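S.K.: These protein sequence lines map, in sequence, to chains A and B.
Just so you know, we're using the working numbering here: the first sequence kicks off at 90 and counts up by one.
Just so you know, we're using the working numbering here: the second sequence kicks off at 90 and counts up by one.
I should point out that these hints are in silico values taken from the structure, not numbers from a laboratory.
For clarity, every value in this text was computed on a predicted model and none was experimentally measured.
Virtual Cβ for every residue (Gly too), placed ideally from N, Cα, C.
One should not assume that every hint holds.
What the hints assert, rightly or not - To give an idea of the interface, some chain A residues facing chain B are shown, with a C-beta separation under 8 Å as derived from the structure:
(1) 214
(2) 247
(3) 432
(4) 435
Said to hold, decoys possible - Reference listing, derived: stretches of chain A covered by chain B, where coverage requires no fewer than 3 residues with Cβ under 8 Å from a Cβ of chain B:
(5) 215–226
(6) 308–314
(7) 371–381
Protein chains: 2
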Amino acid sequence: MSEAPSPVSVRVELGARSYDILIGPGLLQDAGHHFAARLPGARALVVSDRTVAALHADRLLASLARAGVAATLLTLPPGETTKSFDHLMTVVDRILAERLERGDAVVALGGGVIGDLSGFAAGIARRGMRFVQVPTSLLAQVDSSVGGKTGINSPRGKNLVGVFHQPALVLADTDVLDTLPEREFRAGYAEVVKYGLIDRPDFFEWLEANRAAIFAGGPARVEAVAASCRAKAAVVAGDEREDGDRALLNLGHTFGHALESVARYDPARLVHGEGVSVGMALAHRFSRRLGLCPGQDAVRAEAHLRAAGLPTRIQEIPGEGFTLEALMDRIAQDKKVTRGSLTFILTHGLGRSFVARDVAPEALGAFLAEELAG
Amino acid sequence: MSEAPSPVSVRVELGARSYDILIGPGLLQDAGHHFAARLPGARALVVSDRTVAALHADRLLASLARAGVAATLLTLPPGETTKSFDHLMTVVDRILAERLERGDAVVALGGGVIGDLSGFAAGIARRGMRFVQVPTSLLAQVDSSVGGKTGINSPRGKNLVGVFHQPALVLADTDVLDTLPEREFRAGYAEVVKYGLIDRPDFFEWLEANRAAIFAGGPARVEAVAASCRAKAAVVAGDEREDGDRALLNLGHTFGHALESVARYDPARLVHGEGVSVGMALAHRFSRRLGLCPGQDAVRAEAHLRAAGLPTRIQEIPGEGFTLEALMDRIAQDKKVTRGSLTFILTHGLGRSFVARDVAPEALGAFLAEELAG
C-alpha cells in the first residue's frame with residue numbers, strides 16, 4: 090500500500106503523553122496506514138478549512154478509508170477569525186453529534202488556525218479525546234504541531250483561551266508545502282531560523298548553506314522540518330507547560346506579537362512569521378545595544394532573514410500606528426508577562442539566546458525610539 | 090486572626106499537581122489566611138451564584154481582604170443551566186478583563202455548578218490558571234471538590250465538555266452546610282454513603298452508627314467529609330484521568346444518570362444525589378440478581394439510604410417517562426461507554442464494588458423490566 094519513502098520520525102518525549110512526528114514527502118498517501126497502526130479501532134473527525142480541504146481532503150479521506158478508518162469531514166472558513174468561541178462550539182458539537190468517544194480522534198488537516206482550534210476542541214470534548222495533526226503549512230509543521238498548545242482568540246487578545254493537549258500523532262507531508270503561497274512559506278521559514286538562533290548555531294550555519302534547497306523541496310526540506318521539530322521537542326520535553334525554558338521559544342515573539350497587534354492582525358500587512366522575523370532582528374539588535382551580543386552576530390542573523398525575503402525592520406511593515414506608546418503598551422500586555430515583570434528573550438550571539446527576566450522598560454523604550462526614528 | 094479550630098487536612102497526591110483539602114467548622118473566616126499562605130501574591134476572582142453569594146460572599150471577601158488578597162466578585166444565576174458555553178465565556182472574559190495572570194486564582198464559592206464552571210474557566214483562560222474551591226454544598230465538599238473534573242453541559246448531554254484541572258487548594262467549611270435545604274444535604278449524603286459501598290465497609294458501618302450526628306453537624310460531620318475526601322483522593326491518585334479504577338466512583342451513576350436524563354434534570358423531580366441513591370440501590374439489587382452479591386448486603390445498603398430519607402426505587406421518582414426503552418437508550422448513551430461495550434459498577438457485597446466491563450444488555454433489560462413492574 091505504501092509507496093512513499095519511509096518518513097523521518099521525531100519523538101516528543103512527554104512520559105505517558107509522548108508521541109511521534111512523522112515527516113516526509115507524499116505522507117498524506119499513507120496517512121490512513123499510520124493512523125490505523127497507532128490508533129487501532131479509532132474513528133476520526135477530520136477538521137479542515139475550505140481552502141486546504143479543496144486541495145488535500147480527498148486524498149486524506151481516501152487514505153483513511155483504505156486503512157479501514159471510519160472518518161467524516163468538517164470544513165470551516167479559512168482565516169484567523171475561525172479561532173473563535175463560536176467555531177469551537179461547532180467542532181465540539183460535531184464531535185458529540187458523531188458520538189465519538191475518548192479513544193477516537195479529531196484530525197486537524199490545515200495550518201495553525203485549524204490545528205489550534207481542533208486541538209482545543211479535542212482537549213475539552215468529553216474532557217479530552219485523541220488528537221492527530223496533519224499540518225499543511227510550514228509554520229504548523231515546525232511550530233504548532235509540536236508542544237500541545239491549543240487555543241482560540243478572545244476579543245481581548247490572541248490565544249488567550251486554550252489548553253495544553255498533546256497530539257497522539259503528527260503527520261507532516263513536506264510535499265503539501267508546494268501548494269503554499271511563497272509568502273506563507275517564507276513566513277514559516279522564520280520559525281525554522283528561530284531554532285538555529287535559540288541554541289543551535291550549527292543548524293543556523295546549515296540553513297545559511299541550504300536555504301535555496303529547502304525552499305525548492307526535497308531532502309533538505311525534510312531535514313529542515315525534522316531538525317526544527319527535534320529542536321522544539323527538546324525544549325518542550327523539558328518544560329511541557331511553559332513554566333521555564335520553554336520561554337526561549339518566544340525569541341522574537343514579544344516584539345512580534347506587539348507588531349502584529351498594532352497591525353491589527355491584518356495578514357495583508359503582517360503575518361505571524363514576518364512579525365517573528367522582525368522581532369528576532371529587533372531582539373538581536375537590542376541585545377547588541379545592551380552590550381550582550383557581538384555586532385557581527387546581529388548582522389549575520391539579520392542578513393539571513395533578509396536573504397530569505399523576510400522583513401527585519403519595523404519600517405518595512407505597511408500602514409500606520411507603530412508609535413513608541415503603542416508598542417510599549419502591547420509589550421506590557423503580552424500574556425507571557427509574569428507578575429508584572431518584563432520577560433524578554435535576548436541573546437549573547439548566534440545560537441546563544443537566554444531568558445532575561447528583568448529588562449528595564451527605560452532601556453527598551455530608548456532602543457525602540459531609535460528603531461522607529463530609523 | 091484565626092479563631093476557628095485547626096482544620097482537618099486531606100492531601101490529594103498527584104505529583105506536581107498535589108493539593109490539600111482543608112475541612113472544618115468556621116473555615117470561611119480564615120479563608121484569606123489559608124489562601125495567602127499557599128498562593129502568596131496571587132489575586133483572586135471569586136465566582137459564585139446569587140443565592141450562595143448572598144449568604145457567604147461577604148465573609149469570604151472580608152477574610153481575603155484581611156489577608157491582603159486583592160479580590161473581586163462575579164455572581165451568576167443559580168441552577169444547572171448556568172453550566173453553559175455562554176456563562177463559561179462570561180467567566181473567561183472577566184478573568185481576562187481583570188488581567189489576571191496564570192499565577193492568580195479563580196475561586197469557586199458554591200456548589201457543583203459553580204465549581205465545575207469556574208474550574209473549567211480557570212483551566213482554559215491563559216491555558217490554565219490557578220483554581221481554589223470553596224464548596225458550599227455537601228455534594229461539592231465530598232465529590233466535585235476532589236479530582237479535578239470540570240465542565241459544562243452541552244445540548245447533547247451533561248458534562249460532555251470540560252477539562253481535568255486540579256485545584257491548588259480546597260476549603261470546605263462544614264458550618265456552611267447548615268444553610269442547605271434538608272433535601273440537598275440528604276442528596277449529598279448519598280455520595281458519602283457511596284464511598285462506604287465502593288470499598289470501605291468499616292466506613293459504611295460507621296455511617297450506620299453516626300448518621301444522625303452527621304446530619305446535626307459537629308465533629309461527626311467533619312469526619313464524614315474528611316473520610317469521603319480521603320476515599321475519593323485515594324482513587325483519584327491512582328487514576329487521575331479516569332482510565333481505570335476511577336470508574337468505581339461511578340457506582341450508582343450509570344443508572345443515576347439515566348434516571349436524571351429521563352426526569353429531564355428537573356430538580357423538582359430528582360436531584361443528582363437522589364439519582365445516585367436509586368442507582369446504588371439498583372446496582373446492589375442487580376448484583377444480587379446476577380448471583381454476585383449476598384441478599385442481606387443489598388438489603389442493608391438500601392435500608393441505610395432509606396433511613397437517610399433517600400429514594401431507592403424508580404417508582405419513588407415523581408412524573409412519567411420511566412420506560413424500559415427510555416432507560417436502556419440512556420444507558421447506552423452514557424459517556425462512560427468505551428468503544429461500545431457496557432461498563433457497569435457492580436458489587437460482591439458491602440464495600441466490595443468492582444468494574445464489570447461486559448454486562449449483557451439482555452440481563453440488564455430483564456432486571457430493569459422487573460424493577461419497573463414493581
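S.K.: How about residue 214 of chain A: closest beta carbon in chain B under 8 Å, or not?
M.R.: Holds. Min distance 6 Å.
S.K.: Holds or violated: residue 247 of chain A as interface residue toward chain B, Cβ cutoff 8 Å?
M.R.: This hint is violated: residue 247 of chain A lies away from chain B, its Cβ roughly 12 Å from the closest one there, beyond 8 Å.
S.K.: Can you take a look at whether the region 215–226 of chain A is actually covered by chain B? Rule is 3+ residues, C-beta closer than 8 Å.
M.R.: holds (count 3)
S.K.: Could you check if residue 432 of chain A really has its C-beta closer than 8 Å to a C-beta on chain B?
M.R.: This hint is violated: residue 432 of chain A lies away from chain B, its Cβ roughly 12 Å from the closest one there, beyond 8 Å.
S.K.: Go check the region 308–314 of chain A versus chain B for me, would you? Three or more residues, Cβ under 8 Å, otherwise it fails.
M.R.: Contact hint for the region 308–314 of chain A vs chain B: violated, 0 residues under 8 Å.
S.K.: Has the region 371–381 of chain A got at least three residues whose CB is nearer than 8 Å to a CB belonging to chain B?
M.R.: violated (count 0)
S.K.: Holds or violated: is the Cβ of residue 435 of chain A closer than 8 Å to a Cβ in chain B?
M.R.: Where the cut-off is 8 Å and the nearest Cβ of chain B is about 22 Å from residue 435 of chain A, the hint is violated.
Hint compliance for this structure: hints 2, 3, 4, 6 and 7 are broken, all remaining hints hold.
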